[in-house]
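Position chain B relative to chain A; hints supplied.
Protein sequence lines correspond, in order, to chains A and B.
Numbered according to the working numbering, the first sequence spans residues 2 to 141.
Numbered according to the working numbering, the second sequence spans residues 2 to 141.
There may be inaccurate statements among the hints.
[Unchecked claim] Covered stretches of chain A, going by a simulated chain B footprint (3 or more residues, C-beta under 8 Å): (1) 6-16; (2) 26-33; (3) 46-53; (4) 72-81; (5) 92-106.
Since the hints were made in silico from the structure, they are not lab data.
Even for Gly, the Cβ is constructed at its ideal location relative to N, Cα and C.
Number of protein chains: 2
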Amino acid sequence: VPRLDHVNIAAADAEALGKVFTEVLGLTLVEETTVEDQGVRVLKLAAGETAIEITEPLGEETPVGRFLAKRGPGLHHMAFRVADLEAALARMKALGVRLVDEEPRIGAGGHRIAFLHPKSFGGVLVELVEAEVSEENPPS
Amino acid sequence: VPRLDHVNIAAADAEALGKVFTEVLGLTLVEETTVEDQGVRVLKLAAGETAIEITEPLGEETPVGRFLAKRGPGLHHMAFRVADLEAALARMKALGVRLVDEEPRIGAGGHRIAFLHPKSFGGVLVELVEAEVSEENPPS
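Next up, chain A with everything else stripped away, as it sits in the complex:
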């Protein structure tokens, strides 16, 4: 069974929302990164075996900036771990899944990632993250 790596929330102010999730819900801030090529600042909060990511756009003309302008803040995508990203993408392509990224690229935390198109998943943007998939390995 694939493991949920994280759920992502788009926010205008990641710091402020991160504070709500830590102070009200008791999550723990584990990482803060900036991914320049995606135009986002990312806070990662631990929630048991999985994590909550909060992304703040670095500008309006970024994918997350456009999402905020169009849909408003809120849930943005969900990510599953796979052991071999190339193999997973090839398998999904063969099944007729629409891919956003045909090739793996580097995401927050240095992991190899790829996005799958929401049209193939009932309107949900799905990300695949190449990482250990064992139950024992905590989210990084």
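Same frame as chain A, now just chain B:
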């Protein structure tokens, strides 16, 4: 650290979307229930320690039916486990969190649940589920 109980997706056809998540992503269907007073049919799929729920409205004049008409299908809410729901609601109310449910009610799977207002969580509808919070206990 509170544990993510599930992530919920609103869909017009839960069966069809559940098939995508099982066949393409390899999740396992663990439960199908109907919650009449919320007007939803719910599929629950295991994803490691957490779960993905897919809800299909039983009619247009239900909360999920109105969500689909307004926002389209996609991510709907996320739920965290708490050991004592009344205590959690009282604590959050004291912190100024807006509650959708002032009192616990019964959700899918017979658990006591309550929803918190998206205005307090950056546009994210958050649910609290009263359940064992230990890491060892699989999602039910």
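For each hint, the structure was consulted:
Judged by the Cβ-Cβ criterion of 8 Å, the region 6-16 of chain A is covered by chain B as claimed, because 3 of its residues qualify and three suffice. By the rule of at least three residues with a Cβ nearer than 8 Å to a Cβ of chain B, the coverage given for the region 26-33 of chain A holds, with 4 such residues. Judged by the Cβ-Cβ criterion of 8 Å, the region 46-53 of chain A is covered by chain B as claimed, because 6 of its residues qualify and three suffice. Under a criterion of three residues with beta carbons nearer than 8 Å to beta carbons of chain B, the stated coverage of the region 72-81 of chain A is upheld, 9 such residues being counted.
For the region 92-106 of chain A, the proposed coverage by chain B is satisfied: 3 residues have a C-beta within less than 8 Å of a C-beta in that chain, meeting the threshold of three.
In summary, this structure violates none of the numbered hints.
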